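Novice: Here is what each chain is made of, one letter per residue.
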Amino acid sequence: MRSSDRYGLLYQDLYSAKAQGLQIHSLLILIIVFAIFLVNLLIAYPGVVNYDSREQYAQAVTGHFFDWHPPIMAWVWSILRLVADGSGPLFAVHVVCYWLGFGLIALTLSQMRRNKTAWAVVAAGVFPPFLLMNAAIVKDVSMAVAFISAFSVCFFYRTRGLKIPFTTLIIAMGLITYGALVRTNGIFAAVPLFVYLVYPALFWRPIYFIVVSLALIAIWIPAANLFNHRVLRAWPSYTIHSLKWFDLAGIAYFSADESVFGADRSPTAEWVRECYTPVAWDPLYNREICHHELVDYWPQTRTWISAIITHPLAYAEHRLAHFNSELFFIVPRNHTDQRVLLKQHLDGSGHRLPPEPVTWDTITSYLLSNLSAFGFMIGVVILGLCYRSSRPRPSELDDAIGCIAISGVMYTLAYLIVGVATDARYQYWSLIAIFIASIIFLSKREGGSLSRPEWACVGVLAITLIAVVVVHAALGDALAQIG
Amino acid sequence: MQPAGEPLCFRISAACGNSPPIRIPERSDFRGCGAALYWCCDYLYAGAVTIMKHADCDAGREWGRKAVMTIMRRRSVLRASLGAVATGTLVLPYLANAAATTATVWWMQGFAQEEDVAFKKIVADYERTSGNTIDYSIIPYAPMRQKIVSAMTSGVVPDLFQNNPFEIVALHAWDDKLVDVSDVVETQKEEYTEAALLSTYCYNRTKNRRSFYGVPYTASVSANHIWGSLVQKAGYTVEDIPKTWDAFYDFFKGVQKKLRGQGMRHVYGLGFQVSTNGADPNSTFNTFLIAYGGQNIVTSDGKLHLDDPQVREAAIKALTYPTDAYLWGFVPLIAINWNDADDNNAFHAKQIVMDLDDSISTEVALFNKKDEYDDIVTMGLPLSNAGKPVPSQARTTCGLIPKGAQNVAVAKEFLKYLIEPNVVNEYLKVGLGRNVPCMPSIVKRDPWWFADPHRKAYTTQALLGPTIADYWAFNPAYAQVQNEHVWPAAWGDSMAGMTPQPAAEKAFNRVEEIFSNYPIART
Chain H
1 MRSSDRYGLL
11 YQDLYSAKAQ
21 GLQIHSLLIL
31 IIVFAIFLVN
41 LLIAYPGVVN
51 YDSREQYAQA
61 VTGHFFDWHP
71 PIMAWVWSIL
81 RLVADGSGPL
91 FAVHVVCYWL
101 GFGLIALTLS
111 QMRRNKTAWA
121 VVAAGVFPPF
131 LLMNAAIVKD
141 VSMAVAFISA
151 FSVCFFYRTR
161 GLKIPFTTLI
171 IAMGLITYGA
181 LVRTNGIFAA
191 VPLFVYLVYP
201 ALFWRPIYFI
211 VVSLALIAIW
221 IPAANLFNHR
231 VLRAWPSYTI
241 HSLKWFDLAG
251 IAYFSADESV
261 FGADRSPTAE
271 WVRECYTPVA
281 WDPLYNREIC
291 HHELVDYWPQ
301 TRTWISAIIT
311 HPLAYAEHRL
321 AHFNSELFFI
331 VPRNHTDQRV
341 LLKQHLDGSG
351 HRLPPEPVTW
361 DTITSYLLSN
371 LSAFGFMIGV
381 VILGLCYRSS
391 RPRPSELDDA
401 IGCIAISGVM
411 YTLAYLIVGV
421 ATDARYQYWS
431 LIAIFIASII
441 FLSKREGGSL
451 SRPEWACVGV
461 LAITLIAVVV
471 VHAALGDALA
481 QIG
Chain E
1001 MQPAGEPLCF
1011 RISAACGNSP
1021 PIRIPERSDF
1031 RGCGAALYWC
1041 CDYLYAGAVT
1051 IMKHADCDAG
1061 REWGRKAVMT
1071 IMRRRSVLRA
1081 SLGAVATGTL
1091 VLPYLANAAA
1101 TTATVWWMQG
1111 FAQEEDVAFK
1121 KIVADYERTS
1131 GNTIDYSIIP
1141 YAPMRQKIVS
1151 AMTSGVVPDL
1161 FQNNPFEIVA
1171 LHAWDDKLVD
1181 VSDVVETQKE
1191 EYTEAALLST
1201 YCYNRTKNRR
1211 SFYGVPYTAS
1221 VSANHIWGSL
1231 VQKAGYTVED
1241 IPKTWDAFYD
1251 FFKGVQKKLR
1261 GQGMRHVYGL
1271 GFQVSTNGAD
1281 PNSTFNTFLI
1291 AYGGQNIVTS
1301 DGKLHLDDPQ
1311 VREAAIKALT
1321 YPTDAYLWGF
1331 VPLIAINWND
1341 ADDNNAFHAK
1351 QIVMDLDDSI
1361 STEVALFNKK
1371 DEYDDIVTMG
1381 LPLSNAGKPV
1391 PSQARTTCGL
1401 IPKGAQNVAV
1411 AKEFLKYLIE
1421 PNVVNEYLKV
1431 GLGRNVPCMP
1441 SIVKRDPWWF
1451 ADPHRKAYTT
1461 QALLGPTIAD
1471 YWAFNPAYAQ
1481 VQNEHVWPAA
1491 WGDSMAGMTP
1501 QPAAEKAFNR
1511 VEEIFSNYPI
1521 ART
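If you read the sequences in order, they're chains H and E. For the first sequence, counting from 1, position 227 maps to 227 in my numbering; every step adds exactly one. Offset between the second sequence (1-based) and my numbering: plus 1000.
In short, the hints are calculated from the structure, not lab data. Nothing false has been slipped in among the hints.
Computed list of lysine-lysine pairs in DSS-like fashion (alpha-carbon distance at most 30 Å, straight line): (1) H:K343 x E:K1243; (2) E:K1258 x H:K343; (3) E:K1121 x E:K1370.
Since the structure is predicted, the reported quantities are computational estimates derived from the model, not experimental observations.
Chain E extracted, bound-state conformation (with noise of 0.2 Å):
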């Protein structure tokens, strides 16, 4: 007798004899015993883990506990693998056959309901005009982030995800984990902007050479979204807020003065992102250092360029503008561990005037709440202290189709789909209009991404305003100084009193080691 609670996947496993076992992929439906689940021989037990797939943990084990009651038979044991033996035979080619029209896909869950509701159409539309399947499962941001690195990492994958995140699509295209999918973005190349098409066009180390390894379909940039009545209630107008980079920020503390005059004393100007957790300081030190004049820090050769007097430069203003503000107390004390959703709350609470980040997410979660919606002001960044231009990151969102995926055909087929033009603009649109389509002829074409105040700013700053690819994609060691945090753990030094300049030398090292592990051919 077993005892009660045993997990099921310990006692198939000790019923495999010699067979060697195989470890079961870990999946949310399996959560709890995932990790223990062994999976002795494909057809022999395929019915029960099947039936335990719809099962949740427990009852699986009660499962189990009866197929190993069954197992310890001999005779029983015979007979279920003659049996399974003969059903496999007659039945296993349809099952391929099956297998061979569906694709498994993985899909962020949407920040608005109706992103999810956009995704579930187009899927129903792929099938019914494909006569494919697509197996989809819609996944919160964080979670599927941790089942990426789970499937990458045992092999076991779905047919399709996403870059979560982004700048997932360079590191495994670099140790070659990624299907090359030049021919889905051949199908619609000259439709994209040319910072989506450097945003995944990039190198395996492998191949020695770069090629397209993500379907790109949205972008998105980091954009300013202000409270026009709180600039108002400073007895300013949005007009009067200034054009040049530092004057546009310093605006904002002339504001908290201005409102903490009038008692409003728990209300911050600034909203930046200067915590080390997250996608967001990455994305906010990397604009402000574009703004000052180190866009060339990572060139689309794949070179570091630390050695350029004006990119250290302005890595050093980078690291110094956001630290003083926080310190001189224009940002709320607790930025410095804030999570990418943080200053949303933040802005949604009113605690900061404004806030610099990606896409009109913030809009988009009050659309239902007409007044706010309408109080917000979207603005793109302004311009550089030159006064030239400063252009967007623009962050892309593709499809990625990892090696040892089962239907990389399907896959292929359903991201055609997905990025003609049509298609993903009706995705887009239905999604709010968070991220925009990162194919400028979309939105040239339908006037409902400028129907909208907050829509139309932002289309004209991530579409058709001046935008470069992130670092990342010229060289996935600017992944690895992202993921490390390297920036924003220069702004904490710099914040815990090391001044800026022995601050960003620590940085500069760190960037300079990372990148001497990432050597990239000339091609």
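Chain H with its partners taken away, still in its complex shape (with noise of 0.2 Å):
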């Protein structure tokens, strides 16, 4: 069966767009979204570094990589470095993909003459939280930026039925394989990327899709490992124990079973007290109080694996307040701000004086935190309802859908599993991408009325959106409680 055949009314549409070439709309759009990525680079450049980028910036001139930070970033900017020194050239490939990619599904859309859909397209790239956090040259910011565009150009043959041409199929997968590899938990988000690449059909056998999913990542980390220290020479940080120490804690803190260190190091419990916090692994190694303990301790994986099948509650508990912490949601205001995680107000004293926020920190972060939680609940309604209009055959557009929104919350989900620490930043990917389904979801519904299970998502929607604000509210400042 053609896949034109099986997607009669989207067929339909094509032709008559490819009848009327480009449209004015389309026109429009390529001219709007140049404009605004011209205004974007200039206002932007050369980007705003940040305390981890450093640290990258720094691997790509001494070349010296380690694998704190999977060093893939680092090895793209010391090539960029031939063209100019510091953060612009690698600032301006971010600001090129991610224009690339909303400017494509737009354009995309509007040659659909899905022309309301292209302009909302559109708008969620200058989306404040959006738009503001791609000034930042971090991890999160690469790989979010590679995989929209990789996104994008898919979308752009698949939701036509076209095959996709070998170079843009090589490039595509070049650009997820970057993300897969700039985030050590990106390969959550890649696969449901490389499933759209390669056979999107996938995405509506559940169980296939799992066993695929799984399979593709427990292949994936020991091949970026392996990729990370023999190709890039990258030295080993074993970053492995910054999640061994932070689950340990958590289990001993929710188990009142400080034993789960093993034989060789006994915590007390007023140490996992005082220590633990599930918002991040950082206080147990930073703060002078409570570094000593982990000094020279490596828990064996046996270790771990051990104190998890002996406290599975106590290691549900402590994941899932991590969790809530990463999508900030019962969590009160500045809850990761360093003097808050350290304890201690760092002002003033000691050399390690963080920066104060400045404003477009404080903006960015302020909204991203507060629309994690709501985006995270968008994600998974959006994922059911297309799940449920897919049915019996997926159009095109659901696998884009169904594509993008996966990768979202499964990106997101991962942290139930591997996270160690809590930032805005970390749900960039996850929000665009779902904002992205949402609206291109939302395209399928132009000028019909709800159904009642889609009234019954917008109300738990909205009940999400007013408990984030109302919590929020209710637990106040996280600093104010450190004095």
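With the hints as a guide, bring both chains together as one complex.
Specialist: Structure below.
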């Protein structure tokens, strides 16, 4: 069966779009997107670097790669440095990918005569938390822009029912691979994109999809390690230990069993109470009164797994508490602030004086963090609705919605298992993916009234949004609690 | 017939027959064909080569072709040989006398044109007084370093040059490649600071003793250069700047925050040189090391003291503070690959509020821009965190006479003239006081050194405040440590993600390894 027969309505749309050539809307979108791209580039150039990206830049300059941050970004940066020193070239690449992604999706939708949806995608591109964040030279942004541009290229061909040309396929594959390498947990977001690139029908066979995903992830993790250490020759930083420490401390906290640390380490209950927080692993190592317990402590994988098996409920509580923190759901404002985590005021003393967040950073973090829980809920809802509406025969738009929504949701869900810290930027890709999925999904509803299940979903989302606002207002400011 | 464009050097060399070719030193006026130039017999082709010295490379080749065309005829060769021998017999004694009164000097180009003018004036005065000739070349900083390396490697050296980079005085003294200039230093020994004398009192491993191998005439120290207007714009005054080390530099982090809050998003509080290029990063590290109590890392007997816990702790702190400042965003991103001049440029562009940098060249470069010149505040080093004065490491520029120099006597005589207090004072003054003399009595006698706020602060720090000599003077191993940028490389490791402790350990191991290659007998 030809895919264009399978998606009859879409085929007609495309046929008429082809017949009309480049519509006025498409042209307008191209011009507007290009203009916004230029403004974005000029205003935010050369981008904003933070602590992590400065480390990566230092790696790019010295050529000494470490794998605390996956080294691919530093390696790419070391090549872009040949163009110019500093963050400018990498920032420019990010912005190009970002607007290539949003622009191509909007253009494709416009050529399908879904003009409102197309403009909504452009609007999503300039949505302040997304637009402001793209100025940051961080691996989260690097991953997100690689994924959005790869998705847009696939979307361009898939919605036309066309075969993706080989060169384009390789470019898209390269972008997805880069995105998967640039964050340790990037593979969770990359799997749906790989599937969309190769065989999108798999989305609608959930069991097969889960099996393939697990297989890909299982293969990817050691392969990425090999690539980082053998090809890029990155020094191992044993990042896995931060997850082990975090989980062991969490299990000890919720089970009140300090023996989970194993025979060679016996922290007191007081130490666990004082040093553990579900927000992040950092206080365990960085607080002076906590650090001593972890010096030269490299827990065996057996110890870690054994603790999880012995106290599954405590592990679940710990991971859910962290997930709640990750989504900025039932948490006070500024709960991720270093001063809160380390339970001390750092201003005015000591060398490790974190810079006061600038306005840009404050606004971006505030917007992204407040959207996190809400965005995740939208993702889940859109996935459910899309799955329901795709029966009996999913359209190619359903494939696209499925791909990008699953990518966003899977990426967030991965923090349930592998998350060790909380930061608003971690949800950058998930929010972009889910917003785009939502916009494309809503385009299917243009002109139609909502069904009961859809109204129910709207209700759930509204309740979530209100809950986020009320909870945040009620819990106040974490900074105030430390005096 | 020879092909057009064939290098002269090759042709002349081929025409030498069995005579062993003598390699001509690489000189700027032979650039392009210098490496392949050969001089067969100094009397036979001396004329041709002399002419070439005044021609560019292409013209030299042209001459070469003509010369070879002549050489190719046996009769003309014999005629020319006889002529040259006859002429040489008559002329050589006079040439020798002329050479004896001429010293070849390589001198570093100044940061300001006035410095070159000042040097030329000294040369003219000396020539008038002595009747000797100084055949000088004023060479930019970086090319001169290369020329010195080439000269010392080939053995074809000028009679006098400066220690560029500073530490070569210790390195070449170690290898017995410098002439002992104790007799020159002796003429003004009482006038010098202790740091200046120690800087040139270097160890010679061949003779197993120390002696003076350089004649110091000026010193420079690392000072703080601050934009007063930026401090004010942040809502502070210069008087608000704390006096102790960490608080002093932390203050500029606060200034950055305030300025960024006002929309100056490209401004940085601190201008630390955290790269692995040039001399500044080594100076910055040493300054921090001393401030944190690591002053005795190398003592004047040449011994390394990395076994001293205080030194180790100071080194770790000196690795930590600048890298933290970089990682937290208080130092420009590209400071990690700055060259020595880049911090000056960033400062002039007001990209950084303060710069810790050698000399007051930063200020002098703006001498003709009155508003900006007056806007800069020059400050010495803050007190240590314990509230004690931090000695400045005084980097001394001195004259070196390499072994193999043709006119040692004239070179020494010129140096004696140069370090006469009145002469060196006038020289440095005309050079706008970018560097100070290393003789305190000069500045005490001459109020000019305190008539300008920048000079006053700098002179006070470099001459009247506590100073110590560079560590490489005590043991040239430290020169290798600096040439390899061992400490700045540890910054690099630390900034790239290694914690300061292992980065420091790696550096300690390398430093100890280097020092093991430079054993110094007790003298």
